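Chemist: Could you put the whole structure together from the sequences, leaning on the hints where they help?
Chains as they are written, first to last, in the numbering used here: chain A, 70 to 187; chain B, 0 to 111.
These are calculated hints, taken from the structure and not from any lab test.
Since the model is a prediction, treat every value here as computed from it, not as a measurement.
Positions of the beta carbon are idealized from the N, C-alpha and C atoms, including for glycine.
Don't take every hint at face value.
Said to hold, decoys possible - Here are some chain B residues pointing at chain A (derived, C-beta under 10 Å): (1) Lys37; (2) Glu41; (3) Pro81; (4) Ser84; (5) Cys89; (6) Gly102.
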Amino acid sequence: ETGVTQSPTHLIKTRGQQVTLRCSSQSGHNTVSWYQQALGQGPQFIFQYYREEENGRGNFPPRFSGLQFPNYSSELNVNALELDDSALYLCASSRNRGPTLAYNSPLHFGNGTRLTVT
Amino acid sequence: DQQVKQNSPSLSVQEGRISILNCDYTNSMFDYFLWYKKYPAEGPTFLISISSIKDKNEDGRFTVFLNKSAKHLSLHIVPSQPGDSAVYFCAARDNYGQNFVFGPGTRLSVLP
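Modeler: Here is the structure:
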């Protein structure tokens, strides 16, 4: 069973630039969630994708956007990068029966992408 | 407003003894709870879960207790091992939500 993989592992960008982060979900999983983890904090929910549609969004501005592909892989795009966007970005997959989370469906995380904005 | 709180930023325990990590929540709609362990440079690893219809769930050395009236859950690790040294996060989800809300984490150090 292949786990969740994310690329790249590290990235350095300049304020105002755009970035795309990629995620391959665990085999058999149909739902992908993205989280931002700032230093010393717990992961914060950005959004979730189920069957290629956004299915829930946290308190993040529209310059954070995403995609899910037919093979359930996903991308996170961030436009107009700000210094505060520097964080660890985590992708998590899960197996859901429908648009809402299955009752006993923990998230399985990748190792994350460390984004530094200078 | 933090809906999930882990009030102990760090905890040190002797190898072989019990580690108890605590988590409090404010949203009474939360009904499914998870514990994760995170090593540096790795993503969080799922440890154990509990739903609100139970008050205890056990998996090997790990046991999670849920006190709904107090809105409190705890993770017990016994016996603690040096490899358990990591940051532990609790997370909660309500039955209508799409996301899990995470606490800020507790760093556990198990001393040989």
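Chemist: Give a verdict on every hint.
Modeler: Against the structure, the hints:
1. Lys37: holds, 9 Å
2. Glu41: holds, 5 Å
3. Pro81: This interface hint is violated because 22 Å lies over the 10 Å limit.
4. Ser84: Violated - the Cβ of Ser84 (chain B) stays beyond 10 Å from chain A, reaching only about 17 Å at its closest.
5. Cys89: Check passed: Cβ of Cys89 (chain B) comes within 9 Å of chain A, closer than 10 Å.
6. Gly102: At about 5 Å, which falls below the 10 Å cut-off, the nearest Cβ of chain A leaves the hint on Gly102 (chain B) intact, so it holds.
In this structure, the earlier hints numbered 3 and 4 are contradicted, and the remaining ones agree with it.
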